[in-house]
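Number of protein chains: 2
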Amino acid sequence: MKRVLFTPGPTEVPSEVLEAMARPLIHHRTDEYRQYFLETTRLMQEHLGTTQPALTLACSGSGAMEAAAVNLLSAGEEAIVVEGGKFGDRWRAICQAYGVTVHTVSVEWGRVATVEEVESALAAHPKAKVIFLTHSETSTGALFPIHDMARAAKKRGVATVVDAITSYGVYDLHFDRSDLDGVVWGSQKGMMIPPGLGFVCFSPRGWELVKESKLPKFYWNLAKARTALEAGDTPFTPAISLVLAARAAMLLLAAEGREKVFLRHQRNADATRQAVRALGLALFAEVPSNTLTAVTVPQGVDSGAVLKTMERRYGVKIAGGQDRLKGKIFRLGHIGYYDEGDISRLVQAFESALLDHGASITPGAGLRAAQESFRKSQASAAARVG
Amino acid sequence: MKRVLFTPGPTEVPSEVLEAMARPLIHHRTDEYRQYFLETTRLMQEHLGTTQPALTLACSGSGAMEAAAVNLLSAGEEAIVVEGGKFGDRWRAICQAYGVTVHTVSVEWGRVATVEEVESALAAHPKAKVIFLTHSETSTGALFPIHDMARAAKKRGVATVVDAITSYGVYDLHFDRSDLDGVVWGSQKGMMIPPGLGFVCFSPRGWELVKESKLPKFYWNLAKARTALEAGDTPFTPAISLVLAARAAMLLLAAEGREKVFLRHQRNADATRQAVRALGLALFAEVPSNTLTAVTVPQGVDSGAVLKTMERRYGVKIAGGQDRLKGKIFRLGHIGYYDEGDISRLVQAFESALLDHGASITPGAGLRAAQESFRKSQASAAARVG
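Line by line, the protein sequences are chains A and B.
Following the numbering used here, the numbering of the first sequence begins with 302 at its first residue and continues without gaps.
Following the numbering used here, the numbering of the second sequence begins with 302 at its first residue and continues without gaps.
Some hints here could point you the wrong way.
One copy or any two copies: either way a pair holds, since identical chains are not told apart in the list.
Said to hold, decoys possible - Keeping only pairs whose Cα atoms sit at most 27 Å apart, straight-line, the calculated DSSO-like set for lysine-lysine is:
1. 525 - 627
2. 515 - 430
3. 387 - 618
4. 387 - 525
5. 515 - 525
6. 512 - 428
These are computed hints drawn from the structure, not numbers from a lab.
Keep in mind that this is a model prediction, so the values were computed, not measured.
Work out the full structure, taking the sequences as your base and the hints as a guide.
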């Protein structure tokens, strides 16, 4: 049986990327590696819409989040965290671990905070130096209006740092045209490579804050990483095989074209959402992200049994809810290396497993709706071309 | 041309390990992954000679060093660092970045500190809580007597933490029978996999110190990593493909047998050292480690040109000196996946490149000495068996 991941990270890895990791290892202190590393960095920056240095760290996404925080702040300073899920809450935990005073804008999981709520928090906490946001909250599938929030923060002189771990490669973050001061992402989502790399990019204003920051840092010293990058280097031994994987992946994304990559994610998400609605099921997130589709578990359905059946009988692995959402939602991931046929595979397995466990849905309704969604978007694209 | 790494990390990766990384990615929240992870952890612990939890972090070796330090100490506390090279000095830099007061036992690069020097430092700094050591100093090729130093520290109630990044898999660290309280290692040396994983193991006394430690930590929170490991889990997304690579490598090492692995390293090191001596060249380190052979660059020889020729004409990459040793030593690595034939390839390339650049050595003398060294050790092994 074929096995395909539709989890919101790690995601499917293209064979070109797997092949890059299977080649005999090269040393990182060579011109060959330095060229690959610089090329990969340039491609990542282009994808982010920036000329600022994109820094590569050997760590998972949470490590990159910590790196961003400890390079911008000092103990006793204040920050605002906007959270409506497990990963928003991670910003709070990181800041508090380092003695930063955190003011939280909390919304119910599944909801997104409004720009007005953020403006109120900014007004209430005039000493806040940084506001930490989550773009696409992986635990709920909700998409936060980060660009509007960053604009509000900038007006008050507050720097905005966004966890784009799930959204890099899915949405156009147009960093240099935005009011964002920091973006963090990871390897195992839209970049289509295995986990193990984290990335940080700061705006010029972000780099100003780095100079003032006094939180202790050694491995996360981004000023050193920035200097090393100028020579195609890293302060510590890089995760060579993952960097070469990143190169292979970024070449694939560049060949497809960034606009087309974003549009493909939009279409995959639209089709998945249409399928869910056609099955009479409810989308969980107030504003659903194109990264994953969270579905409320219908009453009477044992979500654990559905997940197990999808995986064992149909070879399709999706995710359930985490923490307080355990048993309450399904999370269907479509971040990265997926096309129309993959979405059919996903919907087919989801429908079939629901039917296997007695859910009252119309067989084929989801599949038909997904197909129709793709055909409509093709027709509208063709109409635009013609 | 075949290209082979004889650098002191990264080292050659066996094809079994490359193949493990080339397979489609599996998700880490599955029984399959958990079993692989727990099996890998058990094999790593057996190799280290311990039943204590070996913790796997997604980072390079320096990250694991930082993790060890920030979990044992609090700001304002005192530590002793024994250093005789670039990596010993890294312990100092990490501690100082976190506000730990460091007392240094410094020896000239290439020398090793004595147990007496360590005892003097322990006596002079009775408030020191931890002593940080380097087992095999990668920048000089010197081997430090860590077990004797740990014994001296234990007598004074001081915990010993050792950077075994280069020595794990080369030497029997027999952790549970030693006086060590912490060991740190990485993936890209004796473990024969690409860089990107760091490992930490603490003794029960080390875990006692973890409870007292107040240095800020989030990604490096080892208490959380220990709890997660009990369920085959990690607090953050693991570097899945590298963990599966580690499994493949540890299975290879277990199949060979740990005693045989250590003996193979001893023989490879002996043969390399005999070759160097036979060429009339000087070993740089006072006590040479079995991990790498540092050779003093003979007068009149341009080490950069020799390194370049070895790499471009003979496909063999070794390392030169770092920092203050730049241009002064060659470093011939033989950590990990090397056999008798590999050492011949290494010596042949080294000899040839030296000859190409006008060094006055006897052609073939090194090769003959290496071969003789291997044949002698086989003969003595055969005599023991017979």
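Hint-by-hint comparison with the structure:
1. For a Cα distance limit of 27 Å, the shortest separation of residue 525 from residue 627 across copies, 21 Å, qualifies, whereas the shortest one inside one copy, 41 Å, does not.
2. Both within a single protomer and between protomers do residue 515 and residue 430 lie at most 27 Å apart by alpha-carbon distance, with minima of 14 Å and 25 Å respectively.
3. In the homo-oligomer, the alpha carbons of residue 387 and residue 618 lie at most 27 Å apart inside one protomer (21 Å), although the nearest pairing across protomers, at 46 Å, exceeds that limit.
4. For the identical chains of this complex, residue 387 and residue 525 are inter-copy neighbours only, at 17 Å across copies versus 31 Å inside a copy, given an alpha-carbon limit of 27 Å.
5. For the homomeric pair residue 515 and residue 525, the shortest alpha-carbon distances inside one copy (15 Å) and between copies (26 Å) are both at most 27 Å.
6. For a Cα distance limit of 27 Å, the shortest separation of residue 512 from residue 428 inside one copy, 18 Å, qualifies, whereas the shortest one across copies, 34 Å, does not.
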